[in-house]
Amino acid sequence: MNLTLKVWRQNGNKEKGRMETYQVSDISPDSSFLEMMDILNEQLIEEGKEPVAFDHDCREGICGMCSMYINGEAHGPGDRITTCQLHMREFNDGDTIHIEPWRAKAFPVIKDLVVDRGAFDRIMAAGGFVSVNTSGNTQDANAIPIDKNDADKAFDAATCIGCGACVATCKNASAMLFVSAKVSQFALLPQGQVEARERAVNMVNKMDEEGFGNCTNTGACEVECPKGISLENIARMNREYLKGSIS
Amino acid sequence: MSTLDSKIPEGPIKDKWTNHKNNIKLVNPANKRLIDVIVVGTGLAGGSAAASLAELGYNVKAFCYQDSPRRAHSIAAQGGINAAKNYQGDGDSTYRLFYDTVKGGDYRSREANVYRLAEVSANIIDQCVAQGVPFARDYGGLLDNRSFGGVQVSRTFYAKGQTGQQLLLGCYSAMSRQIGKGKIQMYNRHEMMDIVIVDGKARGIIARNLVTGEIERHSAHAVVVASGGYGNVFFLSTNAMGSNVSAGWKIHKKGAYFANPCFTQIHPTCIPQHGDQQSKLTLMSESLRNDGRIWVPAKKEDAEAVRAGKLKPTDIAEEDRDYYLERRYPSFGNLVPRDVASRAAKERCDAGFGVGTNETGEAVYLDFSSAIMRYGKEDANVHGHPDASEEEIRERGEKVVESKYGNLFQMYEKITADNPYKTPMKIYPAVHYTMGGVWVDYNLMTTIDGCYCIGEANFSDHGANRLGASALMQGLADGYFVLPYTIGDYLAEDIRTGEIPTDTPEFDEAEKSVKERIEFFLNNKGKHSVDYYHKRFGKVMWNKVGMARNEQGLKEAIKEIREIREEFWKEVTVPGSADGINQELEKAGRVADFLELGELFARDALERNESCGGHFREEYQTEEGEAVRDDKNYTFVTAWEYKGEPSEAVLHKEDLKYENIELKTRSYK
Numbered sequence: 001m002n003l004t005l006k007v008w009r010q011n012g013n014k015e016k017g018r019m020e021t022y023q024v025s026d027i028s029p030d031s032s033f034l035e036m037m038d039i040l041n042e043q044l045i046e047e048g049k050e051p052v053a054f055d056h057d058c059r060e061g062i063c064g065m066c067s068m069y070i071n072g073e074a075h076g077p078g079d080r081i082t083t084c085q086l087h088m089r090e091f092n093d094g095d096t097i098h099i100e101p102w103r104a105k106a107f108p109v110i111k112d113l114v115v116d117r118g119a120f121d122r123i124m125a126a127g128g129f130v131s132v133n134t135s136g137n138t139q140d141a142n143a144i145p146i147d148k149n150d151a152d153k154a155f156d157a158a159t160c161i162g163c164g165a166c167v168a169t170c171k172n173a174s175a176m177l178f179v180s181a182k183v184s185q186f187a188l189l190p191q192g193q194v195e196a197r198e199r200a201v202n203m204v205n206k207m208d209e210e211g212f213g214n215c216t217n218t219g220a221c222e223v224e225c226p227k228g229i230s231l232e233n234i235a236r237m238n239r240e241y242l243k244g245s246i247s
Numbered sequence: 248m249s250t251l252d253s254k255i256p257e258g259p260i261k262d263k264w265t266n267h268k269n270n271i272k273l274v275n276p277a278n279k280r281l282i283d284v285i286v287v288g289t290g291l292a293g294g295s296a297a298a299s300l301a302e303l304g305y306n307v308k309a310f311c312y313q314d315s316p317r318r319a320h321s322i323a324a325q326g327g328i329n330a331a332k333n334y335q336g337d338g339d340s341t342y343r344l345f346y347d348t349v350k351g352g353d354y355r356s357r358e359a360n361v362y363r364l365a366e367v368s369a370n371i372i373d374q375c376v377a378q379g380v381p382f383a384r385d386y387g388g389l390l391d392n393r394s395f396g397g398v399q400v401s402r403t404f405y406a407k408g409q410t411g412q413q414l415l416l417g418c419y420s421a422m423s424r425q426i427g428k429g430k431i432q433m434y435n436r437h438e439m440m441d442i443v444i445v446d447g448k449a450r451g452i453i454a455r456n457l458v459t460g461e462i463e464r465h466s467a468h469a470v471v472v473a474s475g476g477y478g479n480v481f482f483l484s485t486n487a488m489g490s491n492v493s494a495g496w497k498i499h500k501k502g503a504y505f506a507n508p509c510f511t512q513i514h515p516t517c518i519p520q521h522g523d524q525q526s527k528l529t530l531m532s533e534s535l536r537n538d539g540r541i542w543v544p545a546k547k548e549d550a551e552a553v554r555a556g557k558l559k560p561t562d563i564a565e566e567d568r569d570y571y572l573e574r575r576y577p578s579f580g581n582l583v584p585r586d587v588a589s590r591a592a593k594e595r596c597d598a599g600f601g602v603g604t605n606e607t608g609e610a611v612y613l614d615f616s617s618a619i620m621r622y623g624k625e626d627a628n629v630h631g632h633p634d635a636s637e638e639e640i641r642e643r644g645e646k647v648v649e650s651k652y653g654n655l656f657q658m659y660e661k662i663t664a665d666n667p668y669k670t671p672m673k674i675y676p677a678v679h680y681t682m683g684g685v686w687v688d689y690n691l692m693t694t695i696d697g698c699y700c701i702g703e704a705n706f707s708d709h710g711a712n713r714l715g716a717s718a719l720m721q722g723l724a725d726g727y728f729v730l731p732y733t734i735g736d737y738l739a740e741d742i743r744t745g746e747i748p749t750d751t752p753e754f755d756e757a758e759k760s761v762k763e764r765i766e767f768f769l770n771n772k773g774k775h776s777v778d779y780y781h782k783r784f785g786k787v788m789w790n791k792v793g794m795a796r797n798e799q800g801l802k803e804a805i806k807e808i809r810e811i812r813e814e815f816w817k818e819v820t821v822p823g824s825a826d827g828i829n830q831e832l833e834k835a836g837r838v839a840d841f842l843e844l845g846e847l848f849a850r851d852a853l854e855r856n857e858s859c860g861g862h863f864r865e866e867y868q869t870e871e872g873e874a875v876r877d878d879k880n881y882t883f884v885t886a887w888e889y890k891g892e893p894s895e896a897v898l899h900k901e902d903l904k905y906e907n908i909e910l911k912t913r914s915y916k
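If you're matching them up, the sequences are chains A and B in order.
Residue 118 in my numbering sits at position 118 of the first sequence, and the numbers go up by one each step.
Throughout, my numbering is defined as the position within the second sequence, counted from one, plus 247.
A portion of the hints provided could be inaccurate.
Ranges of calculated distance between the beta carbons of each label pair, as one might list FRET restraints [what the hints assert, rightly or not]:
1) B/633 <-> A/26: 51 to 59 Å
2) B/664 <-> A/211: 15 to 23 Å
3) B/664 <-> A/6: 24 to 32 Å
4) A/14 <-> B/429: 25 to 33 Å
If you're looking for bench data, these hints aren't it; they were derived computationally from the structure.
Glycine included, C-beta positions come from ideal geometry on N, C-alpha and C.
All chains should be modelled from the sequences, with the hints used to inform the complete structure.
Below you can see the structure in the form of structure tokens.
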């Protein structure tokens, strides 16, 4: 396959960015999108130019590091995949592909396609945990049976990979889906219920402080989420937040 | 050559750890506040250690190269975590987990460490549940289990195909709590460039801020390296792109011995390589072998027709299929350990029965059709449809299989564009895990005072082959339940030391050499990129130091690796500058270290004149192709001391004593 790439280049948050055009050829349709980016970078190095900086690590859709906005879609075309799980067979020979970083006030660009998602870590530090210390004598794991439905729902919420596609795709750059996934996971489990109200309030307040936008229920986050995290979680978080605010 | 002291406590094996804990020194809570600990790496081992040490009251500085500790590669572990809980009442016990692990490791691991691992395994599950890790449960609300290779009980706890993710997010939550309190200072996007040793003790590290490019000095009273395995020495592996040996290699160069580098796990069930543009390989969890059956065509002409695209696997009749694992190993069948399953796949492909589309035909089938029908029948019965049609049974069966392995099937389909519910998966072995690593004693301390090494980065628990679902167990055991005790014994001496200054000659010197190396790479202006060398080198490793090794190949490999290394230093090109993000510069440093490790790796394989676990020397096999160990001459750990070039490394031995388990030929027949 031969392709034209329009890639966002930007040297740091202070400088202005721009789209640059590159050509790549002989790309195998079985290659992943990031393998195609590797080939572009090899080409740039050979030409004595600086390669495109982009985040990636596990390349199997679980670490949440990769984060490209491809042809106007977070993680590109296809449902329930991360950028690293996107394969070139989804494109046609001769296509022009636009590649941009996540765009959100709370995710400043560091370089090219690399953004700073530290705000997510700070929200987690505000309450994304159960306050239990390591010890060899917590109660037996089977001491509290948990309804399978609740356990499964908690698991579904917990599969969030923290990639930020929900924020990138939201017109308000809201982080509600990310925050609600963590709030829900713990709210659904007996171990997390003790602190559930306080947790919701603390995490939501931190989210607002970090400059994420409000939720207006467009649901774009759920559509673009590579792990299919459900909007139900946002409803559950709102309930937890309300309970926390009035008690 | 000297003999190493592993500091194993006296007494019967079941009392060693308890007695040791009762006798080691403690640091009182007020004094813990005066002590700093550096943890490099935030996977299951590093993350759990950082969180636990901070909870105890130490000041922790944690480092990871990713943009968040939550992204360490432990996150990609799929299948599960072992624990001797015996919830299934199937005869499991601490002793059995211990025995299975020692046998699975082909009798090349340290008894006392493995026993301790089995002993604390149950605590891990309790701890994780308390943290809110959503393990799979049955309808009664209790925890569910599955089976893994090399074992005849169900002791593996799991969270669908994302067990590693859930456990790591548990660690990350625990870390986040301490980060919020200020007890952990988190350094994301930082890479350890060297260790700093003052008066023979590990007292800090030099790190590069990967965003600003700044070279930073960090001091502490102890340094814990938890930087994972070195599988990327092969270029293609199931490791993350950034996984590297550098932290382990830097401490090796400053005095930490490197143990059993040739013990590498080749995982039998990975998606086969698609071509030369491939950047990494993807694992399909071992848990699939609970229900999937592995086969190749029994007739060579069928295999040829499949490779040529003229025959579909679903058109091959049952009697024309060779379920070679069930044939060769009737008592363990598809659940033989990884090393055995990998070699058996290679044997069939080498003999011409492979079904891959690449020129070597490297792939075998992993088939779920009989599991789909079995589960479908059961489900139809449960729902009162004993006369269900075949189509209905298949539909029901597919749903059951989806609930068990849905995300793995989806992952497979995304990569290959084949639907594994309808046609068997194609799989082939790939580099996955490294049992070898930095040598540590019973306290997990390396041969540098105050420098600890935990998780996959050390060598201690898996011998020559790791059993499935034991990596997560070891990482968390080391970080939650072992290191927090043993490190106190050492730090008790440091309560009056005070903060370690960084304006000393030792820090000056370490920083200077780090900066010089960076300058060198940026000014070299050679002909080829870092990946060009890494790929060439990886091929040598795979072909000559991979699944099967022999004397001649290893000697050739050593020579070729040396040549590639020399060429790399002469001709590598690294664009850009040292200030700011420079991913090529990061890779250059890592590949430079891999190129040194690779030679030591091949030397270690050449030194070990026997076949054991993942180390298969073609000269030492039975007529049926089974590994032949040499217990008389090789019941020891090789621990290499750095002396400059890898060819000058000095070999030390730790003799392995088996007092509780009898050495036997490992058989899964």
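Hints broken by the structure, by number, lowest first?
Hint check: 2 fails alone, others pass.
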